[in-house]
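Could you build the full structure based on these sequences and the hints that come with them?
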Amino acid sequence: MAASDFVRGLLIVVYFCFVSSLYEDQIGKFDWRQQYVGKVENLYWEQSPGLGMGKKIFVSTEKNVLAAIHTHNGSIAWRKVFEDGPRGRVNQLLYNDDALVTVIGGRRVIRWDATSGNLIWEFFLPGSTDKPATATLTDKTRGGQVFALSAEGLYGLSMSDGSQKWIVPLSDITTVNYQYVLQSEDTVYVIGSHFGSHVTIVATDFEGSVISTNLVTAAWIKENTKCDIVKHTELLCYDQDTDVFYLLNANRPEKFIPTSLQDQGVTRDSPVTTDWRSPVASLGTDSVVVRLDIDHLAVLQPTDHGLLLKKDLPKFAAGLIIRLDDKDTHRDVLLAVQKINQEELMLKGFELDTGKEIPDLNQNINFPCSHGLPVELTGILARKKDGQLVYKVIILSQDYSIQLIHKSGNVAWKREEALAYTLTVEMVDLPVSENQAKFEDEFGSQEDNILTMFTKRLKTQISQLRTFFERKIQQLQGHRHHPLTLKKIDEDEEEEEELLRDEFNLHKMIVIATAAGKVFGMSSRTGNILWQHYLPDLSPFKSLGKDVLLLYIQRGTSHFPHPPQGVVIGRNKISEHGHLFAFNPITGQLVKEMPSGGVTLNYIVKQAFLLVEIDEQFLKGVVFLDSQDQVHTYPESIQKHLKTVLSSLYIYTCDDETGLMKGYTVSKRENKLYADQVWSINLQKKQQTITQVIPKRTNEHVHSQGRVLGDRTVLYKYLNPNVVVVITEGEETGSQAQTQKGPMNFFNLYVIDTVVGHVIFHANHRRTKGPISVVHSENWIVYSYYSDKQRRYEMAALEMYEGKEQSNATAFSSFVAPKQPFVMRLAFVFPLPISTMTTTITEKGITHKDVIIALKTGGLFTLPKALLDPRRPPTPTQETMEEGTIPYSPDLPVNTEGIINYNQSLSNIQGIYTAPAGLESTSLVLAYGLDIFHTRVEPSKMFDVLKEDFEHWIIASVLAIMFMLSFVTQKLAARKALNRAWK
Amino acid sequence: MESSFFTRAFPKPLSQPEKETTYEDEYEGQRTLMLEHALDGGPNPEYTKRGSIIIKSVKNNKAHFSSTGPVTLQEKKALRRLVEDNGIYRIRVPLKGTGEKEDYVSTFIPACSVYESALSDQLIVSVDQSGEVIGIAIMGNPTHCSGLDIPDSNLTNWNTMVDISQTVQGPVPDTQTYIERMKREEQAKAQGQQGDNRSFIAKYWMYIVPVVIILFLMQSMDQQAVPDGPGGGGGGGGGR
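Residue numbers (UniProt numbering), protein chains in the order written: chain A, 1 to 983; chain B, 1 to 240.
Wrong hints could be hidden among the right ones.
Claimed, not checked - Partner residues are not named here, just some residues of chain B that face chain A (Cβ under 10 Å, in silico):
(1) GLY42
(2) ARG92
(3) PRO110
(4) ILE138
(5) GLN176
No lab work stands behind these hints, which were simulated from the structure alone. Yeah, the Cβ is synthetic: ideal placement off N, Cα and C, and Gly gets one too.
Below, the structure written as structure tokens:
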């Protein structure tokens, strides 16, 4: 059959067109990847005797990650990422004698090989998962055992192979909450608390036979009372209500000894903070560092008569005690850091026994305010042969950063773990160079006559020449006079020079807002952080069950001399009011009159968005709707401009608690702006919950208004810019058929016009469940979900068309729009699980679109939109071939050439951001999550640039030869003509 | 339970239970929705009854509007004033009889659109898969405002069309037709192969004929060339 052969041929051609793979030598040329671990919860220094201590650190983090980090450069030696949610949570990290053991998901005890990160053994603790298990390790000298406490009993596990040696079942587990396991020389103690009454201490020996069971009264103990193990065998608890510490020695379980810090002479304003004890493990010393406030520490020593205050450390933010072994004696050294000014920390060392300062250890550390305050300090201390003390210290800060400090006070390396918490990304064009700006100026003004334009041209060219010579002279001088400092200066210069737009606008500034309250400016070419700000009061909004930070670029770089401006909007951590921070996205400088931590607004923000119109200073205003339905703007001055667009300003809100969507217009009364409700939609909270609202991107250009069909007519796209997609998820209830199969999940998709509140289209997917990821662009919607019925991942594509006639071609209005566009839909099977997806965006929208899919398997896959076309015909005909649609096949192909991150797997991708480059063919991609990956994609291949391997020489030489040939033949022809004339 | 939100014009026949397993044939009983409108454009407008929407069948998109009565003089005046102020005309449908707040679905349109269309408009009621009303939309007919002046006599009766927009089933991958198509194609191919049982020469005559011709030509050339000796330059001369 010729037709099917033809179709097959067409398919092959089409598929080949879409392949956009990379040559081997292009690896890392256009892309970069950064790997992170998250906020550190537990940290241990490697102890491998002989080789020297502390080559690596082992960390477990909030992001369900276990990792080893090299201490010489901060790179990741190995990293294990566990599954999302509580099942993959690293509850406990234990490290002793080169044995690395974790408790994961509350029940899995796993031993890892510390050098390679390979799993050695795993033991699954039976029982319920309500309470996470805890464990403790013994030294090798004492048999090498792991004691794991689960909800039901104490397990003795062999360290070498993880086999269960014995189990001690615990009694009265219904009333007593067994939480702590500790050990002395030959005894294991399990301590459980009966809230409001007593604690139970069960002592067993290492063979698993119970020695004793003691009850100690503790009427003050509550569910939220925090206790910690100190000095191996002592339990220290803090009662927040009475501000009293209680100490219990498990060796002699008689009573808790109360100690009040007031009695010890410590004065402070507020009671002890909830995280009073550093979660990072302290090394085996007698004393304990207790945090009283964000910058107030105290060193306490447990004694038989209660706690003894060894040292009060007001103004110190973090500290640690290290035991220093000197020949035969050992002494405890206290290291503590204190913030002395905006840019520096002071590290001080104290002799703990005497309380005297060790001046040798005092050191100023460069610590910019973009890290907040230090939170944890951990390190190692050694004595060199010449008697000098040296240390390596790791500082964990409020902004989740990790940095290693040497004795010299230099920061050896830094890891910005806040980037693992990226919520919002924008890419900003870099400014053009001064000369180029002048050129623009030359052609920009229209009233100039020829003469002035000519003089302008001369001036710019002279200035260009001058800067060229100046630079040359500078380079020569630099080489001659400062050979030593040259390198550093050069680096700085390069950095500054780099911040200019390149020819194709491929190099951009990436602005990243993170849930940690940190804002970064990053170069898209290298991934280097160029500026950063820490906003201690900023926290994300909670919207539809997700963390959201708003990041808007109010003014781009193309309005010289006005500086570009960006704004981050979130929620104040304490007051719940809006919190706003405005900055220059290129340099990172703050906007005038902006405090360094941002400003707190005096209202709760319900909705905020960026206006599309610019005011006379080329600034786009941000409009806020507060909880009282009053409308505010940032900056305030934009309100004047707002008046002119007031009649066309519509706001919508979406409440997942009531299931109502509401629309507002804005009107001015008594010099204030108010939002008046004009429409509402009821999305039936009883049955379903709104989980996502997906608008279109405002900077998207649609090149083609329609599609040319096979019969040469045009099918016009429904291009309503006011449309949002709303996803609701729910569970069907009530019917008998469902009860047998378990809960029947479903989700609904609504396409809603947010000006008039019209539900344009609504579809229902039964027996499906999320997570649903949606791409909404132009006139199409692509979404993925899991089909419960078929047990597979599926993708559906919707496209909306007006029909063969266009209703309002010049400007779209929701009031006169065709109310019911024609919605085409088709579904496909996708073979792999998806974490999120998005679509490419280009300068003018001429290029085909690709859907970029982050796979849970670690890949970043590009799928041509043409394959997700609802017009794909089930049986190809002459007409569909003419139109160029690919015949329908239910499964979407996943070819490895489409994986744009080749072998650089990405963990836990939360979002993908795309931005147009100056080249129409190219779109910039940034995938973020635990890892960050940047690359560029060309969905229709590079049609506007010659290929890299384009053979210029061959073309040039062929041209030259042709030219010469024509010249020679002309001569020959002339001679021949002459000869003929003579005949 | 859901059906209680609508005031039913007729009680459902007892034989038809209220809850049914599938929603395709659910809520096919006739029901009535109240329609209210507001002719003052302020922030908290006062709604008055405009009429009722009678839904005969959701599935078959059968519904009509019945007005409470002709438009009063006051209402006409209010509408004119609204048009002059460039205001908006709002409508809403209460979902629960009385009691709880905010159980309306509502929408709006520029007042001129209603006015200039001489009170002829189109309503679209969106109904979800379980029969709940989720939203309403209104559209003037014609939709554009051009500043016409409509005589009072044309503003007496509502001329309203009602459409029902029902939740549709989302698409599912259509493996069946694809497999069928593949099978058909395979069969066609198999048939094609069986059908092609022509002789070798019949199949490949187009390759054989040129070869034969060339051979023939060469032979005849050789015959010419032999008496001439080595001088036969007839073929060559070309390459450089």
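Practice prompt. Against chain A, run the beta carbon of PRO110(B) and see if the smallest gap drops under 10 Å.
Written response: holds (6 Å)
Fill in: Interface hint status, ARG92(B) versus chain A (Cβ within 10 Å)
This interface hint holds because 8 Å falls under the 10 Å limit.
Worksheet item: Holds or violated: GLN176(B) as interface residue toward chain A, Cβ cutoff 10 Å?
Response: Holds - the Cβ of GLN176(B) comes within 10 Å of chain A, reaching about 9 Å at its closest.
Practice prompt. Let me know if the C-beta of GLY42(B) comes in closer than 10 Å to any C-beta of chain A, holds or violated.
Written response: With a closest approach of 8 Å, the GLY42(B) hint holds.
Worksheet item: When the nearest CB of chain A is found for ILE138(B), is that gap smaller than 10 Å?
Response: holds (8 Å)
Violation of the numbered hints given earlier is absent; every hint is satisfied by the structure.
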